[in-house]
Every structure is written in structure tokens, then in C-alpha cells.
Amino acid sequence: MEKLLARRSVRLVALAVFAVVLVVAPLVSSPFINYQLALIAVFAVALLGVNIVMGYTGQVSLGQSAFLGLGAYIAAYGVKNGWPLLLVLVLCAVLPAAVGMLVALAAARLRGLALAMITIALPIIGIPLARRFSDFTGGSGGATVSFMKAPDWSGLANDQWRYYVVLVIAVVAFLLARNLVRGRVGRAFAIVKENEAVALAMGVSPYRYKVLAFTIASLLGGVAGFSYLVVVQFTSPETLSFFTSINLVAAMVIGGSASIAGTILGAIYFVVVPVLAGAVNSARTALISGAILLAVLFLLPRGLASLPRRVRQLSARKSHGRTGATAPHNSPDGASSAAPPEIPEIPAANEERQAR
Amino acid sequence: MRNFHKTTRVTGAVAVLGISALLVTGCTRADTSGTGTGASAGAAEASPGITDDSLSLGISSPLSGPTAGPGSCSVAGLYTYLEAKNAAGGFEFGDGKTRTVKLTYLDDVYDPAKAVSNFRQLEGDGIFAYVGALGTPTNAAVMPVANEEKVPQVLLVTGATTFSKDQKTNPWTFGLLPTYFDEGAAFGKLLADAGKAVTVATLAQNDDYGKDYLAGFQSAIEGSDVKVVGSATYEPSDTTLDSQVTELAATKADTLLSAVSVTPLQVGVLTRAQDIGWLPRIFLPSNTSTPATVIEPGQGTAYPALYSTSLTKVPVSPAFADDEEVKAYNAAFEKYGSKITTTYTPHCAWSYAEGAILEQAFKGMTDPTRDSFMTALHSITGFHAPLLLDGITVDTTATDKPAIQGIQLVQYNGKGYAPASKY
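Going down the list, the sequences are from chains A and B. If you use the working numbering, the first sequence corresponds to residues 1 to 356, in order. If you use the working numbering, the second sequence corresponds to residues 1001 to 1423, in order.
No lab work stands behind these hints: they were computed from the structure. The model shown is predicted, which means the values in this text are computed figures rather than measured ones. Note that the Cβ used here is the ideal one computed from N, Cα and C, for glycine as well. Fair warning: there could be bad hints in the mix.
Residues from chain B shown here face chain A by an in silico Cβ test under 7 Å; the list is partial [what the hints assert, rightly or not]:
1) 1066
2) 1069
3) 1126
4) 1140
5) 1271
FRET-style restraints, in silico, Cβ to Cβ [what the hints assert, rightly or not]:
6) A/149 - B/1098: 38 to 44 Å
7) B/1227 - A/207: 53 to 59 Å
8) A/292 - B/1088: 36 to 42 Å
9) B/1215 - A/200: 48 to 54 Å
10) A/243 - B/1102: 29 to 35 Å
11) B/1304 - A/291: 49 to 55 Å
12) A/290 - B/1413: 38 to 44 Å
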């Protein structure tokens, strides 16, 4: 009991320090660093959506970039027409959620690869649509907007102000999502992910919860789109790019699926690694990013969020070896069986198992 | 209960710490920005990125991903020119000093958000100007930031009209290349000048680029005997254009305007049309007309004539092997540019010429400031940059046109391109 409380206060302090860092960082950093921090906040929200569908509910979604793009386009259109920003933000959440729900009503009847194919179609259809409806989207040249300038009373520079705006959006999104996945709905997601027959037997409709998960993911994608426009001030068909979706899925697996902290780590990975790779050699960024991705997957198959546990495991194995006891084969799984189930049903998960 | 008090106390302490940190650091940023404006207030005070013996430039282009070929070349050509000149002693500036010019290049994977990020990074590193970046969406995303921060974003490697047509609104942005509209118009003019009835089939990308291309073509053939008998479009994500080619072949048009910007698709067009026995004269856009990557794999020699447009001599073509400028380029590229890419696309030659335009601007710079640089850059007329074909000159004085004007129509002669005078 004493130990638990101690740990709890440690966590609280850690959280408080994290919050202070988040608030103070932009004041002492260059516009470039602030832009990176803001982008992390943007993609953390999009990644949170991916994690709710894939990590928590165990469904495949390769279409998150389509909702990101949709949100950004709605925001751009609203800003250009001078709509109130709060209304724009609400629309950025509601419209993608509605689209996501419509798609999910049909798609959630499928599973596995069939579902993956449907979700892949979203960015693939979205890009030509964005090019075609140039009155709404600005065509392939994209849409440039200039808004969300720092108000005079704040005494902040634009990059700082925009960072705070997207940070607030991200914090609200994370708090709501955290409560969601820890509550009744989260338990329903987990059971749908584990075994749909069991879920049905318990009175949980897998279909309804899958649709719900997709709707929430699309909503978060749309909100991330709004944040994206706040930070980048530009959107084009490239925003919907299928590669963004794939990279988001990779970042989710790397951060740690079904984990809030993992989502944040994944977003940091998503934004920072290309920058680091560019610092090493700009002509070889793809190669270096790929190598880092493989390294993380081999060393931490459960993602960056599992780093503390992994370290404990390794040190435990070491002491086992010293005492001469042969570690049972299932010890890594056994160690984590107390934690909520975490392996998403995607090809990457199979690789994880093989890697182990 | 005791623990509860403890945690609230801890949170309180952290909060106080945070607020005081906020107050302290809040001043820091304000101070730096204050000195920044103070510095630029002095008339001849140097802009960031320039000292008495050096100047730093930045570029962000796609160096990985599907557009990596042209993107790498847009860096490699410029890098080659700058490094060769640095090795030869450096650049002479209008203020009498000689400086070496350093180029920092970053990869944006053709992603607008990444391009803005790179721009911010380069700006933070203290570049003097952002030059020669490739890509329409990426440059469009950077444009408002560059103009807000008053950083030159110039000689951009893109054929979109956006970057040069309104230099009053965006005084810090300036394109390098003739637009797609101009290119389409050049083809149209050749046909219209033929003075006889010609039927044309068009195949264009279903977006602004394709539309610009066709609009230029249409404007040039208006009122002539040239008639468009069939049109088809495609998406860049298409894997084959066989059905479009078959549809257009049914028109039996004399000429095909194949404004396809994706290399493998253009090769597919060339092979498909001859497979089904349709042998029109073909117009290829400048970005998909390279003999080694398009015409040879597409067996283009089967057609009665292949036209394209060109701005520059082609360094990899034997036709220009004895040209002095080409020799200098090839030697320098071998030494510097090949570090970045070894595959030639026209962008290598364009960005090499861009280096010479920059040199010209440096010569006119009387103060070590960005303002002086922009003034000098916009005062170049009738300049012949190396590798540019005869008749294509640099004129930077128009406020609604890119730096390079004029397009040379060329015809494939079995080995390389030679100037085409008539249809």
C-alpha cells in the first residue's frame, strides 16, 4: 500500500514536470523547435485515433490520413470564408466523424485484410477528389491560409501561440480518450479485440463498438486536421497521402499499441526521426529511418512504451542466468499477461511474435 | 490523508516552479526578438547568414520517395555550381568582397508540412536565402512563411504559375522555370504555324498542371486550322494508360500531345500506341522526354517525329559532348554533384544554371542584406547562364514572370535532341 502510494506520487510529480516542460518549452526554443513540438501535438491526436481503432479495438485502419486531410480542408474552407474558429473546429470534428461512421457502418462488417482494403481506399479515393473539387480544395496547388496569429495581449510570437492552441486541443483529446479507454467503453473495446464471440455472450455488440471506434478515430483525425492547418497554414492533396497513413500505423506500433504514453512516444518518433535522419545525411533519410524502425521493432517489439518493462525483463533474465535457472520459454509473455492485452491483429503483430 | 496533503504540496510546488519559470523565460524570448528588430533597423547592417567571407543558402527538396530523382537533381546541380566556384576562389559580390557560398540541403519527401519544417530549420540555422527548392505544393506551403519572415525564397524549380505571377503580394518569392502554360503554348504555336489542317489528340494529367498545359496549347491554336479531335486524362496514381491510348487511337489523329508527367506512364504510352498500329507525331513535355529513360525504353524511333521542349543543353547527350559549358559541367558534377545523385534529369542542368543566376545577383549586391539581394536578383537582363540553349535568356525584371524565359522546341534525331524549326 505504502509502495503504491509512493509510486502514485512519483507518477504525479513526473506528470507535473512533463506539464511544466510542455508549457515552458516554446518560450525558450527557436521557431523551428516550436514547429516540431506543435507537429508532435498534431500527429499525436491523429495517432490517438489510430490507436483507438487498432491498438484498443484490434481493427485495421489504414485510412487515417484521409480524415486528417478532410479536417484540414474543412478548416481551410471555413477560415477562408471567415467562419468563427470555434465553429470551424466543431465542424472539423463532426464532419469527419460522420464520414467515418458512414464508412464504418459498411466496413465494420468485414474483418482483417478485407477491412484493411476498405480503409486503404479512403486516401486513394480522397486524393483525386481533393484535386477535382478545386473550388472547395484549391486543387493540386493546395490551399494557403493565414490565421491563428498571436493576439497582442498574449505577448507571444505566432509560433508560440499556435503551439499552445494545438497543445490545448491535444491535451483535451488525450484526457477524453484516456477516460474513454479506461471506462466501460474501453473494456468493451478490449473484449471485442480479444474475442467477438465472448463479447456477444457478454451482451457487447462487436459491430456497434467497432463502428464507435472508427467514428472516434475519424473524429480525432479531423481534429488533428484542424491542428495541422493551424501549424502548417497550408493543405494540399499530399496531406491525404497514403504514406502518411502507413507511417502513422508504423509510429503507433513503435510507440506502443493500446497505450496512451505509447501514442505520445509514437508521435515524437513520427516527427523527430525524419529530422534526425536528415541531420545525419539528407540524401539517405529513407534508409536511416527504415533502419531505426527495424531496430526499434527488434529490440522493443511492444514499442517504446515497453522500454521500462523490457529493461526489467532483461535484468531479470540476467540474474536468472547467473543462478543457473533456465528461463521458461514463455517468460516474456508471462511477464506481461497481467497487463491488458496489447497485440493488435495486424501483420506487424505476427512479425512481433516471430521476432520474439 | 497525510499522503494526500503531500501530493497537493508537491503539485503546488511544481506549479509555483512552473509559473516562475514561465515569467523568467517569457522575458527571454521577447528580449531576443527585440535585439533582432534593432539589428535590422540599421541600414547597412548585415542580414543573417552573411559574413565578410561567407554566405549560406538553404534548400529543401524531395531526396527520397517517388519524386527523389528530380528532387536530388535540383540540389545536385546547384551544389555542383556553388562548390566548383568556391574551389575556384569564391564568389565576387557587389560590395567588393569575395565570399564562399555554402549550401545546406534537406529532404522533404514532397511533403508540405516537412518542407515548412525544413524551412524553419534552415532559418534557425541562419541561412541568408532559400533557393531552388523543387515542388509545387511544398513551395506553396513555404511561401507565406518566407514572406512573413522576409526570407528570399527564390529561383524555385517548378512550372506552376503561382510563384511568379504576383510578386507584389509575395515580394520574397520568385520562380525559375517557364510555366507549363508556356510549354503548352510553344507546342500549339508550332502546329498553328504549320499552316495546314492538323488533327490533335491530347492526353493530360487530371489536375492544375494538366489544365495549365492544355490551356497554353489551346490559346496558341485558336483561330488556326489545328483541331483537337480527342482528349483524355489520367491520374498520376494510374498504373497504365492503355485504355486512354486505345481511345485516342480511334480518332486517328496526326499528332498526340502526351502531357504525361510520370516517366513509366509516358513509356507505356509510347509502347502502347505503336503496338496497336497508331503512329502519330508526338509531343513530349520537358520533364518526361529524356532519351535514356523514356524514348529508348518506349522505342520512340518508331514514330515519324518526337518533339519536346528544352531549356538546356543535355550534358549526357553525345550531341553536346564537345561543348565547353557541358565539359565544365560534367567535370564539376563528377567531382561534387555525384555525391548527391548519379542519375541525370533535366533538373540537374536547370539548377546548375540557377547557380550562375545567383552569382549574377551576388555581383549586383551592394549591401550584405536580403533587400539588396532581392533588388540585384530582379535586375538581371539578357544574361546567358551556362548550359542554357541559344536564344533562351534570363530576364528577371518582369514582376509577373519567372527568371528564365523562352522555350526551345526540339526534335529527337535518333541520338538526342536538335532544335526543331517547323512541323
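Against the structure, the hints come out as follows:
1. 1066: violated, 9 Å
2. 1069: With Cβ-Cβ at 12 Å, over 7 Å, it is violated.
3. 1126: With a minimum Cβ separation of about 10 Å from chain A (threshold 7 Å), the hint on residue 1126 of chain B is violated.
4. 1140: holds, 5 Å
5. 1271: Cβ of residue 1271 of chain B sits 25 Å from chain A, so the hint is violated.
6. A/149 - B/1098: 38 to 44 Å: This hint holds: roughly 41 Å between Cβ atoms.
7. B/1227 - A/207: 53 to 59 Å: holds, 57 Å
8. A/292 - B/1088: 36 to 42 Å: With Cβ atoms ~40 Å apart, the hint holds.
9. B/1215 - A/200: 48 to 54 Å: The hint (48 to 54 Å, Cβ to Cβ) is violated, given that residue 1215 of chain B and residue 200 of chain A are roughly 59 Å apart.
10. A/243 - B/1102: 29 to 35 Å: holds, 31 Å
11. B/1304 - A/291: 49 to 55 Å: This hint holds: roughly 50 Å between Cβ atoms.
12. A/290 - B/1413: 38 to 44 Å: At roughly 43 Å between Cβ atoms, residue 1413 of chain B and residue 290 of chain A fall inside 38 to 44 Å, so the hint holds.
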